[in-house]
Amino acid sequence: MKISIAQVAQLLGGTIEGNETNEVWSVGKIEEAHEGQISFLSNPKYEEFVYSTNASAVIVNKTFSPKKDYHTTLIRVEDAYIAFTMLLEHYDKVKNFSKVGIEEPSYIHETATTGENIYRAAFSHIGSGAKIGNNVKIYPQVQIGDNVTIGDNTILYAGVKVYADCVIGSGCTLHANSVVGSDGFGFAPQKDGSYKSIPQIGNVIIKNNVSIGANTVVDCATMGSTIIHEGVKLDNLIQIAHNVEVEKNTVMAAQAGVSGSTKIGENCIIGGQVGLAGHINIANKTTIGAQAGLGKGTKEGDVLLGSPAMAKLSYAKSLSVFKKLPELQKRVNELEEKIVNLPTIQEG
Amino acid sequence: MKISIAQVAQLLGGTIEGNETNEVWSVGKIEEAHEGQISFLSNPKYEEFVYSTNASAVIVNKTFSPKKDYHTTLIRVEDAYIAFTMLLEHYDKVKNFSKVGIEEPSYIHETATTGENIYRAAFSHIGSGAKIGNNVKIYPQVQIGDNVTIGDNTILYAGVKVYADCVIGSGCTLHANSVVGSDGFGFAPQKDGSYKSIPQIGNVIIKNNVSIGANTVVDCATMGSTIIHEGVKLDNLIQIAHNVEVEKNTVMAAQAGVSGSTKIGENCIIGGQVGLAGHINIANKTTIGAQAGLGKGTKEGDVLLGSPAMAKLSYAKSLSVFKKLPELQKRVNELEEKIVNLPTIQEG
Amino acid sequence: MKISIAQVAQLLGGTIEGNETNEVWSVGKIEEAHEGQISFLSNPKYEEFVYSTNASAVIVNKTFSPKKDYHTTLIRVEDAYIAFTMLLEHYDKVKNFSKVGIEEPSYIHETATTGENIYRAAFSHIGSGAKIGNNVKIYPQVQIGDNVTIGDNTILYAGVKVYADCVIGSGCTLHANSVVGSDGFGFAPQKDGSYKSIPQIGNVIIKNNVSIGANTVVDCATMGSTIIHEGVKLDNLIQIAHNVEVEKNTVMAAQAGVSGSTKIGENCIIGGQVGLAGHINIANKTTIGAQAGLGKGTKEGDVLLGSPAMAKLSYAKSLSVFKKLPELQKRVNELEEKIVNLPTIQEG
Chain U
1466 MKISIAQVAQ
1476 LLGGTIEGNE
1486 TNEVWSVGKI
1496 EEAHEGQISF
1506 LSNPKYEEFV
1516 YSTNASAVIV
1526 NKTFSPKKDY
1536 HTTLIRVEDA
1546 YIAFTMLLEH
1556 YDKVKNFSKV
1566 GIEEPSYIHE
1576 TATTGENIYR
1586 AAFSHIGSGA
1596 KIGNNVKIYP
1606 QVQIGDNVTI
1616 GDNTILYAGV
1626 KVYADCVIGS
1636 GCTLHANSVV
1646 GSDGFGFAPQ
1656 KDGSYKSIPQ
1666 IGNVIIKNNV
1676 SIGANTVVDC
1686 ATMGSTIIHE
1696 GVKLDNLIQI
1706 AHNVEVEKNT
1716 VMAAQAGVSG
1726 STKIGENCII
1736 GGQVGLAGHI
1746 NIANKTTIGA
1756 QAGLGKGTKE
1766 GDVLLGSPAM
1776 AKLSYAKSLS
1786 VFKKLPELQK
1796 RVNELEEKIV
1806 NLPTIQEG
Chain V
1466 MKISIAQVAQ
1476 LLGGTIEGNE
1486 TNEVWSVGKI
1496 EEAHEGQISF
1506 LSNPKYEEFV
1516 YSTNASAVIV
1526 NKTFSPKKDY
1536 HTTLIRVEDA
1546 YIAFTMLLEH
1556 YDKVKNFSKV
1566 GIEEPSYIHE
1576 TATTGENIYR
1586 AAFSHIGSGA
1596 KIGNNVKIYP
1606 QVQIGDNVTI
1616 GDNTILYAGV
1626 KVYADCVIGS
1636 GCTLHANSVV
1646 GSDGFGFAPQ
1656 KDGSYKSIPQ
1666 IGNVIIKNNV
1676 SIGANTVVDC
1686 ATMGSTIIHE
1696 GVKLDNLIQI
1706 AHNVEVEKNT
1716 VMAAQAGVSG
1726 STKIGENCII
1736 GGQVGLAGHI
1746 NIANKTTIGA
1756 QAGLGKGTKE
1766 GDVLLGSPAM
1776 AKLSYAKSLS
1786 VFKKLPELQK
1796 RVNELEEKIV
1806 NLPTIQEG
Chain E
1466 MKISIAQVAQ
1476 LLGGTIEGNE
1486 TNEVWSVGKI
1496 EEAHEGQISF
1506 LSNPKYEEFV
1516 YSTNASAVIV
1526 NKTFSPKKDY
1536 HTTLIRVEDA
1546 YIAFTMLLEH
1556 YDKVKNFSKV
1566 GIEEPSYIHE
1576 TATTGENIYR
1586 AAFSHIGSGA
1596 KIGNNVKIYP
1606 QVQIGDNVTI
1616 GDNTILYAGV
1626 KVYADCVIGS
1636 GCTLHANSVV
1646 GSDGFGFAPQ
1656 KDGSYKSIPQ
1666 IGNVIIKNNV
1676 SIGANTVVDC
1686 ATMGSTIIHE
1696 GVKLDNLIQI
1706 AHNVEVEKNT
1716 VMAAQAGVSG
1726 STKIGENCII
1736 GGQVGLAGHI
1746 NIANKTTIGA
1756 QAGLGKGTKE
1766 GDVLLGSPAM
1776 AKLSYAKSLS
1786 VFKKLPELQK
1796 RVNELEEKIV
1806 NLPTIQEG
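Residue numbers (my numbering), protein chains in the order written: chain U, 1466 to 1813; chain V, 1466 to 1813; chain E, 1466 to 1813.
Be aware that one or more of the hints could be misleading.
One copy or two, it doesn't matter: identical chains are merged, so the pair holds either way.
[As the list claims (entries may be wrong)] Using 27 Å as the maximum straight-line C-alpha spacing, the simulated DSSO-like pairs for lysine-lysine come out as follows:
hint, residue 1, residue 2
1, LYS1656, LYS1596
2, LYS1803, LYS1764
3, LYS1803, LYS1533
4, LYS1728, LYS1750
5, LYS1527, LYS1782
6, LYS1656, LYS1764
7, LYS1558, LYS1661
8, LYS1750, LYS1764
9, LYS1533, LYS1750
10, LYS1533, LYS1467
11, LYS1750, LYS1661
12, LYS1777, LYS1788
13, LYS1494, LYS1510
14, LYS1494, LYS1532
Keep in mind that the hints were calculated from the coordinates and are not lab data. These numbers come from a predicted model, not from an experiment.
Isolated chain U (complex conformation) (with noise of 0.2 Å):
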């Protein structure tokens, strides 16, 4: 988004010394910041970079007051780091917000239910009995299946696929790609070692204020409900099986992976490529390492590492012995040299 200088002093309720005219359309930290963008000094150890920065603003204190020449314009503001936040605030919101209207061709089955201010872009596909709430962003290529609730102000960017049946709440932000819904991993075996596919028939529910990173898959219950609950935020490429419940404010960083009927707390941190299996109950409060593997469930606070995981400190003290395990290992075969030489001595 392009806005001139005049503008972004207006929205910061700022004063300008300088050319109010031009316009910037990014954001850059002063040090590396180029023409047309817009950059903050709050902390004086940054001063000098206010005389060199090719930023074309800097929003300054109040107070600030030069002591070289500057080629950049200032916009001057009570507090700077504040008032920068609120300029990325805005700036976030315009960019998520700013999409409004119905782009052609795009397909919306005539038993569907659409909110006031809502994005429809071209080649968004909305099925039968769909009802989708005020605000809500639809981009280009996203699917929303038969029957699928989506509340207010949710964004679902390109190419998100939601299958029949689920719900989505309020203010969630689905990334592009992501899949909600899918059939879950269930399947019979048969007596001539083929695999017959158990009917998937419930759906998943995804709670407000969720966020569902790029390319993660949310699998439908095999029966009734998957629920990822308020306030969960997922990472890019999960994979969260059926049946699985996540408590509020967990956290998922990437390519993490839950398993069947697997229940998350609250307040959980799970690392990336982290695995859970199955049927296992994650306590409030689990704080799970990068790439640990969990087998069974935790107690609410537990902080674990390693594949299968333990409690941090004990992984953390056996794998400080596997470094020397050859070390190790030539002091046991020392040890039985000696031992070996001592047998006259025990028939003394």
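Following the hints, position chains V and E against chain U.
Here is chains V and E on its own, set in the frame of chain U:
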């Protein structure tokens, strides 16, 4: 899907006690079902829930004789469990095969052909020379490349992409945003440190009754074919590299990865996040635990754990000592001290 | 693609012995090629297959003198191996650059611009202010966000999504359903246990000749740019987090994951399912084995294995003892018993 209780009863050959005009639109366990859901009672242990359930209908055995008041509608059948299974399968069939017809706009090249009774959703794209069988369901935003062949009764969910020249059998299910036939990862190092891409001119052949999970990728062969044999079930977010061959009825859990040219036998069970190196042979009936890593092939019936993988029992034994390594180290320290205290004796 | 044997011969500057009007449409190894395929004979060890092959044509050296009857058509060239490589490259070029023109319906904002000779498939979506170079191939269901820039000769396969403001160079290949520019995973914990999303206002810059695999995700920077330098090759299902920088000619195998703000040097080789922690520096020419996990940076030329990663040789040594840990434990047990049997001597 909504269906009246009368229709359910007719489908199952049952008789109704209660309101037969109400509709049900999903299925739930008797202890947690809510209005609009249908459930069943087979195990007498759950009888108590019949009297308190919120399900709109409960399927019961003909012989069931209520001991208390109930508020739901009963559907009496010969065997409640079998009837419920029938209902699930019916539901599944309706879910998967109710879509028929052509939505516009959709794109099909004039030289492509399609069979009878297909679903071709809006924004699907079918390239030149493609041959699509009967009863194939092509969801929105699917792309089928030039000269692709797809057998009867195969379902391609929203966003599936099939590259040119690939062959997909009958009765397959490809879940949303899965990719078939992308280039294998082949690059020849050049003298200047850069890489030149090696032409990837093979294809992917997927045999009958294969299931491909959401966001899973199957690369084409460098030359020849990457082959997924009959009855193979791949979960979500799996990587199958170029020239891999997976023999029939092997199942693979989410986020597993198979490197180039590796051959996997029949009826193997491969856990989540497993990694297989390239150019190895996994024998029939190999079972590999989650997160294991295999750098070499296996023998029939092997059960392997760990990264690098070891026989299950050996791994378990080493692991149990790993957990006590600090203690083992301490014991060696003590032994060394004791030995040091022996020298006068040795001199004796 | 179908091409007559006469055309192949002309392309390779060869002469034909046999039927020159037959067509070939793919390529195979001489020992397994079938009708319609073309193969080659370079290594004399494979000569026998010329006499039995089902290939429609075989490229042979000028000097080849058959010792038996054969049923295929020969194309004689100076050097069969070089000619075959030329054919592969031709095939690859045709495969990748034959698509030209605009299919409808497709969407392009009135302010976006495109170069010459581009392919813009049905259901592709190009946002406002986007600038697309010459010979760019935009497959079906691709989305190119507002203000995105794409250089010449770049291919975006079906379903690729590029978020607003990203920059992609020339000669790049983005495979199906890959995502460029999704929000970085940044959330600030609040007092009530919930998380507030941190505005992600940066972008992604992809330099020239970069390859991005199917379903791979590259997140935008929180501020500034996530940068993938020239010649980098990323396999499928890889996660590149916000503010990561990957220097030129580094290759990364499938399902690897790189956490936020990590810098990766030039000419590194990173194995499948590797995980890199955030804010670390991977030096030039680092080699990291599959499934390794790095919590800290590396030195140039390091070769690392394991999770957490160790120098290759150290890891191999520790691992070999790990496999014999039960035996080592037993030896320590025995030493302890022997020592216990010594006390009378010590008293002596």
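Comparing the hints with the structure gives:
Within a single copy, LYS1656 and LYS1596 get their C-alpha atoms no closer than 44 Å, and across copies no closer than 34 Å, so neither meets the 27 Å cut-off. Within a single copy, LYS1803 and LYS1764 get their C-alpha atoms no closer than 46 Å, and across copies no closer than 40 Å, so neither meets the 27 Å cut-off. Proximity of LYS1803 and LYS1533 under a CA criterion of 27 Å is satisfied in neither setting, with 76 Å inside one chain copy and 73 Å between copies. Taking CA atoms no more than 27 Å apart as the test, LYS1728 paired with LYS1750 passes inside one copy only; the shortest distance there is 13 Å, against 31 Å between copies.
When the C-alpha separation of LYS1527 and LYS1782 is checked against a cutoff of 27 Å, the pair qualifies neither within a copy, at 53 Å, nor between copies, at 63 Å. Proximity of LYS1656 to LYS1764 under the C-alpha cut-off of 27 Å is restricted to the inter-copy arrangement: shortest distance 23 Å between copies versus 40 Å within a copy. For a Cα distance limit of 27 Å, the shortest separation of LYS1558 from LYS1661 across copies, 14 Å, qualifies, whereas the shortest one inside one copy, 48 Å, does not. Proximity of LYS1750 to LYS1764 under the C-alpha cut-off of 27 Å is restricted to the intra-copy arrangement: shortest distance 9 Å within a copy versus 36 Å between copies.
Neither within a single protomer nor between protomers do LYS1533 and LYS1750 lie at most 27 Å apart by alpha-carbon distance, with minima of 51 Å and 44 Å respectively. In this homomeric assembly, LYS1533 and LYS1467 never come within 27 Å of each other (Cα to Cα): the closest approach is 29 Å inside a single copy and 71 Å across copies. Taking identical chains as interchangeable, the C-alpha atoms of LYS1750 and LYS1661 lie at most 27 Å apart only when they sit on different chains, with a minimum of 18 Å there against 38 Å within one chain. Proximity of LYS1777 to LYS1788 under the C-alpha cut-off of 27 Å is found in both arrangements, the shortest distances being 16 Å within a copy and 12 Å between copies.
Taking identical chains as interchangeable, the C-alpha atoms of LYS1494 and LYS1510 lie at most 27 Å apart only when both belong to the same chain, with a minimum of 13 Å there against 63 Å between chains. In this homomeric assembly, LYS1494 and LYS1532 come within 27 Å of each other (Cα to Cα) only inside a single copy, at 21 Å, whereas the closest approach across copies is 74 Å.
When each numbered hint is compared with the structure, violations occur for hints 1, 2, 3, 5, 9 and 10.
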